[in-house]
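Novice: The opening residue of the sequence shown carries number 1 in the numbering used here; numbering runs sequentially from there.
Mixed in with the good hints there might be a few duds.
[As the list claims (entries may be wrong)] When the alpha-carbon atoms are kept at most 30 Å apart in a straight line, the in silico DSS-like pairs for lysine-lysine are as follows:
hint, residue 1, residue 2
1, K306, K220
2, K85, K369
3, K130, K369
4, K201, K228
5, K220, K259
6, K179, K374
7, K328, K214
8, K74, K220
9, K201, K352
10, K74, K369
11, K352, K214
12, K130, K15
13, K306, K201
14, K152, K16
15, K130, K352
16, K414, K369
17, K74, K85
18, K229, K328
19, K214, K287
20, K229, K259
21, K117, K369
[Stated by the list, open to error] Derived DEER-like restraints, expressed as beta-carbon distance ranges:
hint, residue 1, residue 2, range
22, K214, R268, 17 to 25 Å
23, K306, K85, 48 to 56 Å
24, E233, T138, 50 to 58 Å
25, G172, K369, 26 to 34 Å
Since the hints were derived computationally from the structure, they do not count as laboratory data. Where is the CB? At the ideal position from N, CA and C, for every residue including glycine.
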Amino acid sequence: MGLAPFEVETDDTMKKSFDICIIGAGASGMAAALEAAEVNPAARILVVEKNDRPGRKIRATGNGRCNISNEKAKNSRQAVQLLEKWGIAIRTLDSGLMYPYSESAGDVADLLTMEMKTRGVSLWTDTIIKEISPRPETSDFLLTVETADSTKRITASKVIAAVGGKAGPRYGTTGDGYKMMRNLGHTVTAPVPILTPVECKGDGCNLIGGTRAKGTVTLKEHRGEDWKKVFEESGEIQFTSFGISGICVFNMTRYMRFKPGRGIDDFRIEVDLCPERNLMEYIADRKVRTPELNVGWLLTSVLKEKLAAYVLARSEIDTAKTIGELTKAECRTICAQVHGLAFHPTGVRGWKEAQCTSGGVVLSELDEKTGESKLCPGLYIAGELQDYDGPCGGYNLNHAWLTGSAAGRDAGGKCRMNGR
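Let's have the full structure, built from the sequences with the hints guiding it.
Specialist: Structure follows, in structure tokens:
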């Protein structure tokens, strides 16, 4: 069934005053609208979206399947209760990943949009909020609203900023919310792209581009005279022409922030291509059983052919040798490469490929339960605009549902208490 559109509002029919204005019709924004409408059905609620329809980024999550939450995420049960209340049936996999039963991200976005319509929420698409100005004398906000054809001003008793981060600009994200929050006095941790591939230098990555392997990736940071392990995760690693990728690599990028005076050269990546086995024992057995075979056969069945050749090349082994002719030192070198293949990162791939933003409004300036600003009462900050980021697997959407709904409930409740 096709999604019924909202009523199109013209300049003549557009209201000028609202109880709650929500900026952004993504996960946190729509969650805020639905909860505000539930606790205060009489509230005049407006959602402003810069794209031509709501939930554009939701529709792309989980490769179009919408990894909606994760059983291991904080307060995931609460998120599930919210989603099912809004009509979204959820399936939980053995891994803890949660998806809509239909495995359609579009279904999730469409259902939330229809719920907003049913509850009388106003939606303005193709519309941008250019400025938010608190008005202490009237305890509300003046907002400058811009469309392709006009610029106007509206007022709102409460404002919920749910504009998202900077990752994935093809979905309309621009990071303009950070400037908006700074203008309102908030401290913003500099946003950087995360959950994205890593670029490496001088490691011959182009030789193994297109190869995949199960393994463990470890991130080490140079501290003083030592390299300290700051992250480790196992999973499928994808080698590309420019570096490395894969879910475990994406998650690693969350830890690749550096302090002033430090740089990307202070990080080193090691990949264990055979974490479950002691390769030295395997090689010793091959030296006894197949000493006459060429050394090129040594890692056959351990690694894919292209990757095995790459490891031997980095080990600087004479490929004319037989397995039986390998010295103990050469065997140790091969093992060191397989269990700790080193890569030197030059950076991450950037906003176009990033799935999430690290950075945002510092949490100490927000009410921990509602997301209301401690500096600007009546302003709420939700979702990716907060200085929060989680790993792949539904954690960030889980955070969006919860922070958006908390802001909406509180804003709606306070409007009701004030007789609005």
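Novice: With reference to the structure, classify each hint as holding or not holding.
Specialist: Results for each hint:
no. : hint                    : in the structure
1   : K306 - K220             : holds (26 Å)
2   : K85 - K369              : holds (21 Å)
3   : K130 - K369             : holds (28 Å)
4   : K201 - K228             : holds (21 Å)
5   : K220 - K259             : holds (15 Å)
6   : K179 - K374             : holds (18 Å)
7   : K328 - K214             : holds (27 Å)
8   : K74 - K220              : holds (27 Å)
9   : K201 - K352             : holds (20 Å)
10  : K74 - K369              : holds (13 Å)
11  : K352 - K214             : holds (26 Å)
12  : K130 - K15              : holds (18 Å)
13  : K306 - K201             : holds (19 Å)
14  : K152 - K16              : holds (9 Å)
15  : K130 - K352             : holds (24 Å)
16  : K414 - K369             : holds (14 Å)
17  : K74 - K85               : holds (19 Å)
18  : K229 - K328             : holds (28 Å)
19  : K214 - K287             : holds (25 Å)
20  : K229 - K259             : holds (17 Å)
21  : K117 - K369             : holds (27 Å)
22  : K214 - R268: 17 to 25 Å : holds (21 Å)
23  : K306 - K85: 48 to 56 Å  : holds (50 Å)
24  : E233 - T138: 50 to 58 Å : holds (51 Å)
25  : G172 - K369: 26 to 34 Å : holds (29 Å)
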